[in-house]
Structures are given as C-alpha cells and as structure tokens.
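Participant: Here are the chains, one letter per residue:
2 protein chains.
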Amino acid sequence: MTRVSVKIDKDGRLVLFGAAVRARRLALNISQETLADLAEIDRSHMGKIERGERNVSFLNIVRVAQALQCQPSDLFIDSGL
Amino acid sequence: MTRVSVKIDKDGRLVLFGAAVRARRLALNISQETLADLAEIDRSHMGKIERGERNVSFLNIVRVAQALQCQPSDLFIDSGL
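Just so you know, the sequences run in chain order C and D. Sequential numbering from 1 applies to the first sequence in full-length UniProt numbering. Sequential numbering from 1 applies to the second sequence in full-length UniProt numbering.
If you're looking for bench data, these hints aren't it; they were derived computationally from the structure. Please read these numbers as outputs of a predicted model, since none were measured by experiment. Glycine is no exception: its CB is placed at the ideal position from the N, C-alpha and C atoms. Among these hints, one or two may not hold up.
[Claimed, not checked] Label-pair restraints from in silico Cβ distances:
| no. | chain 1 | residue 1 | chain 2 | residue 2 | range |
| --- | --- | --- | --- | --- | --- |
| 1 | D | ALA27 | C | GLU33 | 26 to 34 Å |
| 2 | C | ASN29 | D | THR34 | 19 to 27 Å |
| 3 | C | GLU33 | D | GLN69 | 35 to 43 Å |
| 4 | D | ALA19 | C | GLN66 | 40 to 48 Å |
[Claimed, not checked] Covered stretches of chain C (in silico footprint by chain D; criterion: 3 or more residues with CB under 8 Å from a CB of chain D, positions within the stretch not fixed):
| no. | region |
| --- | --- |
| 5 | 13-27 |
| 6 | 52-58 |
| 7 | 67-73 |
[Stated by the list, open to error] Incomplete in silico selection of chain D near chain C, CB under 7 Å:
| no. | residue |
| --- | --- |
| 8 | ASN55 |
| 9 | VAL62 |
| 10 | GLN66 |
Assemble the whole structure, with the sequences as input and the hints as a guide.
Facilitator: Right under this line is the structure:
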C-alpha cells in the first residue's frame, strides 16, 4: 500500500472531509482498522485521513467511498463541498 | 506549486474525472493554461489531470473545482462517481 500524500498544515476542507468519512464509518458501526482494511489503505494513513492530516488522493477517496458503500460525491456533499 | 501525485497506470475513473474537468473547462470557454493559472496548478500537471494520468490530490480537486466555478462533488457526479 503506497502512500503518496504528504503531511500538510491542516486544511479546513480536509478536516471536513475526514469528519464525513468518520461519520459514515460510525454509521456502519465499523472500526477505523476495518475501514482501512476494506479500503486497502494503511491503518495509520486512514487515521490521518479521518483527522484531515493528509491531502488524500483521488484513488484513495474512491477506495474509502467504496469501503463505506457510498459514492465519492456523497463524501464531498457530506463535507459541504 | 508542489506536485504530490505520481505517474500511475491510467485508471478509468481518473480518465472519467479528467474528462469531466475538460468538459466543464470547455463549457466555460477557457484554455487549459488559463484553468491551470486560475487553479494555481502547474500547467503540465493540469494537462495530465485532464488526461487521467495523475492520481490528483484532494486539494487540487478543490482548486480545480473552484477555478471551474463548481463544487468538487459536481465533478465527481459528472464523472459518474
């Protein structure tokens, strides 16, 4: 599982997106580890995505959405973006 | 303008997303160079995004959407994602 995003100063929109991911995950009643495994994303990277600490890539957005059984656009709409 | 995505094998969903960006750009009747400048993205990187050759980052998706006067979710919906 290669990680291509880098640590960045927290961007409000990334924090909103991470919160949207977390909300959908909790609604499915699954752990962060389970979501990471389902999305085939490194577990610590998933934690950083949920905290808005990573400038997450398009393909990881798609993987996370699939694992959350929703569309990538849903996650952006949930984030108000 | 830092670039954080890497060359990847073409992924169909990235190609769809790039086509959605291009369609919105053409609808605004602006050049790829103008879109790159508006989005503050390197011009050659913008070309690769439109061709689906880059695993574009969240913040660049947001910048491109802003430059296209739409929401990031619109670009994903246009892409069928």
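Participant: Which of the numbered hints are not met once you compare them with the structure shown?
Facilitator: 1, 2, 4 and 10
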